[in-house]
Every structure is written in C-alpha cells, then in structure tokens.
Amino acid sequence: MKELPYAVRFVYVPFATTGSQSYDNLTFQVSQGVLNGAIGEITTTAYRSQFVDFTVPFEGGGFTRTQNIQYEMHKDKPTFLEPFTTKLWLIVIALFIFTGMGLWILEHRVNEDFRGSRSEHVGLIFYIPFMLLVFSNRERIVTNLARLVLVVWVFVVLILSSTYTASLSASLTTAKLRRENMDIEMLIRNGDSVGCREGSFIVEYLKNLGFDKSKIVTYNHSEGFDDAMSKGRIQAFFATMPYTDFFLSKYCNKYMKVGSPYSTQGFAFVFPKGSPLVADVSRAIIKLTDNNKKTEIKKRWIPNTACNVDEPDAPDVKRETIDLDRFKILFAITVGVTATCLVVFLFSYLYQNRDFFQRISSSGASTWSKVRAMCKHFDQRDPKSFRSSRPNEEYGENESPNVHVYPDRHHRSMVVPVTSEEVPSGNGAANQSILISPT
Numbered sequence: 001m002k003e004l005p006y007a008v009r010f011v012y013v014p015f016a017t018t019g020s021q022s023y024d025n026l027t028f029q030v031s032q033g034v035l036n037g038a039i040g041e042i043t044t045t046a047y048r049s050q051f052v053d054f055t056v057p058f059e060g061g062g063f064t065r066t067q068n069i070q071y072e073m074h075k076d077k078p079t080f081l082e083p084f085t086t087k088l089w090l091i092v093i094a095l096f097i098f099t100g101m102g103l104w105i106l107e108h109r110v111n112e113d114f115r116g117s118r119s120e121h122v123g124l125i126f127y128i129p130f131m132l133l134v135f136s137n138r139e140r141i142v143t144n145l146a147r148l149v150l151v152v153w154v155f156v157v158l159i160l161s162s163t164y165t166a167s168l169s170a171s172l173t174t175a176k177l178r179r180e181n182m183d184i185e186m187l188i189r190n191g192d193s194v195g196c197r198e199g200s201f202i203v204e205y206l207k208n209l210g211f212d213k214s215k216i217v218t219y220n221h222s223e224g225f226d227d228a229m230s231k232g233r234i235q236a237f238f239a240t241m242p243y244t245d246f247f248l249s250k251y252c253n254k255y256m257k258v259g260s261p262y263s264t265q266g267f268a269f270v271f272p273k274g275s276p277l278v279a280d281v282s283r284a285i286i287k288l289t290d291n292n293k294k295t296e297i298k299k300r301w302i303p304n305t306a307c308n309v310d311e312p313d314a315p316d317v318k319r320e321t322i323d324l325d326r327f328k329i330l331f332a333i334t335v336g337v338t339a340t341c342l343v344v345f346l347f348s349y350l351y352q353n354r355d356f357f358q359r360i361s362s363s364g365a366s367t368w369s370k371v372r373a374m375c376k377h378f379d380q381r382d383p384k385s386f387r388s389s390r391p392n393e394e395y396g397e398n399e400s401p402n403v404h405v406y407p408d409r410h411h412r413s414m415v416v417p418v419t420s421e422e423v424p425s426g427n428g429a430a431n432q433s434i435l436i437s438p439t
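Numbering-wise, the sequence shown is residues 1 to 439 according to full-length UniProt numbering.
Treat the hints with care, as some may be off.
Said to hold, decoys possible - When the alpha-carbon atoms are kept at most 20 Å apart in a straight line, the in silico EDC-like pairs for lysine to aspartate or glutamate are as follows:
1. Lys254 to Asp226
2. Lys298 to Glu3
3. Lys2 to Glu59
4. Lys250 to Asp226
5. Lys294 to Asp245
6. Lys87 to Asp325
7. Lys287 to Glu3
8. Lys215 to Asp192
9. Lys299 to Glu41
10. Lys254 to Glu223
11. Lys207 to Asp192
Please keep in mind that the hints were generated in silico from the structure rather than gathered at the bench.
With the sequences and hints as input, model every part of the structure.
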C-alpha cells in the first residue's frame, strides 16, 4: 500500500477462520460492504470472482502435497558388501587367490619363508595378499619376478581399498529417498487421512478429487501439522505453495514436497466490484516485482529456501554400486603381469632342469609316477639360489636330493639327479632319494 501514488488510510481487522467456507465468507463480506477490502491467503477462484474483484496475484498460485521423509533401506545384503557388486566381489577374491598362488610358486623353491607343511602353504597363499590391505608384507621376497608381482598388487590393493572405503562412507552418510504414496489415488484407495488449513478452498478441492469428508483433517497452525504427521494421524497435508515453503523452513529435515503442484491463480487483494483500488494496487504489486522488493520480503519471512526444492524435479540421492567395468583395465594389468612372471619363471625352471625332465620323459614309468616325480622335484629347495637364515640345515654342503624312478620291477633302478650339475657324491655321505615305483 505504500507504493500507491496517493495516501490511503486503512485499519487491519483480523478475520477468524472457523470453517471450510471462511475465505468465501470473507470475500462475501467485502461484496456486501461490511469490509472495504481483504488481504491474506485468499486464492483467486471463479466462484469468488462473481462477487468481488481481485488484483493481480502478489504470490504465485498452486498448492502441493507434503509428506514425511522416508529413506530406503537395502535389505538384500549387508551394508559392508554394498559398495561392490556380487560379480566384482567374486573377481576380487579370485584375484587374491591367484596373486597368492603366483607369489608362492615364484618363491617356494628359493625362500625359507615360503616353505613348510601343506597347510602352511595354503595359509601363505591366502595370507600374503590379504595382509597387504592392513599391514606391510612381513615375509621376505627374494626373487625379482615376485617383487614385480608384489609391486603391481600393492598398487591394485591401494586403489581397491580406497575406493571401497569412500563408497562405504558415502553409503553410511547418505540415503536414497523412498518414494511411497506418491500417487494421490493411492492415498484415496488406502483410506488415508490427509490435512489442510482450516478455511482453505483446498478442502472442497480434495472432496472433488474423491477424498471422504471424514478423512480430511484441518489445522490452524504449522505445529498442528507437525504433530499429526509425526504421530501418523495424517499421511500427508495439502497447502498453498507459500505456506508449504514457510512450513518446510521450520521442519526442513522431517518433511518434503511430493508430487506435482496443483495449479491455482495465486493470492491477491480483494476489493468490491468496480473499486478503483484494484488497478492501482495491481500496478503497485507489479512495481514491487520489477524492483525485486517482493523477493526480498519473501526471503525475510521464509529464510530457509534450500528445503523448498520441489522433490519431483530433484534427483534421488543414490548409492551407486561399483561394478566390474570400473576396474577392468586395472585387473587386466595385474593378471597380465602375474601371468607373464609365471611364464618367465616356468621357462627358466624348465631350462635349468632340462636334463632332469628329459630323463623323466624317457623313463618307462607311468604318467602318474612322472607327475609325482616332477612335483617332488619342484617341492625341493633350489640348491643354487636358495636363501635361508639357516643354511644347509636339511642337507649338507655337498648333499642334494635325488629322484629314483623305477621303470618296472624287473629292471634295475635308474638314478636321475635333480639337476644336471648334481652328481651323487662318492664320499659316503647319505643321499636323500625320492623313490617312485610304477603303478
């Protein structure tokens, strides 16, 4: 009213809202001359315009639905498994085992820390790759091939662990909004109670939508809506956009807008038919809009605008599960490096012990006996490159294990040295032999 080009003396008279027809009664009193005008949350409707004139809206129209914020809980698997997909978990476990086996093969013949009973071998295969997640590797690595595998694996473990930690932290601190009862038809079918402001035209609107009169509960204050929503007496409440923004500024973390807004003409001043104030006040409202004063007034009364984003247009806060595609190249690198090192080791092992394998292949023993002889040979320590804190504890300096292969029971035994350089000593020292008879 201060923006009018002339002074207007006026007195504010409170009008009590006592029923669903309150705002209609207010406009009717203006038309009858009981009041010279009216201002407030008076929505422009076709019915009211029959008796009074409205200015241009000073606030946008429409009303919306507000419901409790509910969060989606994933129950299909434990929280600590959520960061990775099931397929990725299986691939990671397979890589751990593959890397452990690769390190054991590369170190077994030359490293004391990688020897022992069969159960200790299995323990090492699982222990070393997993311990790199939290501890530094305590077992000595003596071969360059194993060191290369270990360096690449440490890099992979660092990336996996950091990605897993970041994803798990995000899943524990954020949640996905659960969209239930988004359809107003569902509220009607379920017989849910809904709320709206007392005296609002929305009451009649909800009746026209199909809500039973007994399911529409009216409240005068925002505290009433909060109490009813918190205790489950109503499942949603409908209010005009400005009032909803005001309500959410007070209860931002408990409720949210849902569904698309329902269009109305907005709030406006009410004057009797033919009043010259209609045009003058309309121009004053337009002036306030143009110089941005209306926005400043709204921010002063509804400061928390961050909570007033319409949820249908806002994206969900999704907890994204990491799949295998993110690590394809990384896994290909570690598998390639490990496999290459194993191939290089295999060729080197076969070349260094070529005489042994030639004698094994030319012997008349069964295939199973040959395989057992090869396994026994691989399980022995490499006398040329073995590194131990207790040298020669099992064999003497000149002692070495031999493999005896018997072609059949009627022929004399055939002694096959472990390597071409190993020749049974003649100094009377006891030789350790691996006896394999044909099956």
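**Report entry** Hinted pair Lys2 and Glu59, Cα distance within 20 Å
**Finding:** Distance ~18 Å between Lys2 and Glu59 Cα, so the pair holds.
**Report entry** Pair hint Lys87 and Asp325, alpha-carbon separation not exceeding 20 Å
**Finding:** 10 Å, holds
Query raised in the report: Would the pair Lys254 and Glu223 pass a check requiring their Cα atoms to be no farther apart than 20 Å?
Result: 13 Å, holds
**Report entry** Pairwise hint evaluation, Asp226 against Lys250, where the allowed Cα distance is 20 Å at most
**Finding:** 10 Å, holds
Query raised in the report: Given the hinted pair Lys298 and Glu3, is their alpha-carbon gap at most 20 Å?
Result: 17 Å, holds
**Report entry** Pairwise hint evaluation, Asp226 against Lys254, where the allowed Cα distance is 20 Å at most
**Finding:** This hinted pair holds, its Cα atoms lying about 9 Å apart.
Report task. Starting from Lys299, check that the Cα of Glu41 is at most 20 Å away, please. Result -> Satisfied, since the Cα-Cα distance of roughly 18 Å is no more than 20 Å.
Requested in this report: Take a quick look at whether Lys215 and Asp192 sit within 20 Å of each other, Cα to Cα.
Outcome: Given pair Lys215, Asp192 holds - Cα atoms ~7 Å apart, limit 20 Å.
Query raised in the report: Given the proposed pairing of Lys207 with Asp192, does the C-alpha separation stay at or below 20 Å?
Result: 14 Å, holds
Query raised in the report: Under the criterion that the straight-line Cα-Cα distance not exceed 20 Å, is the pair Lys294, Asp245 satisfied?
Result: Distance of about 15 Å is within 20 Å: holds.
Report task. Measure nothing beyond the straight line between the CA atoms of Lys287 and Glu3; if it is 20 Å or shorter, mark the hint as holding. Result -> 8 Å, holds
Hint violations for this structure: none, all hints satisfied.
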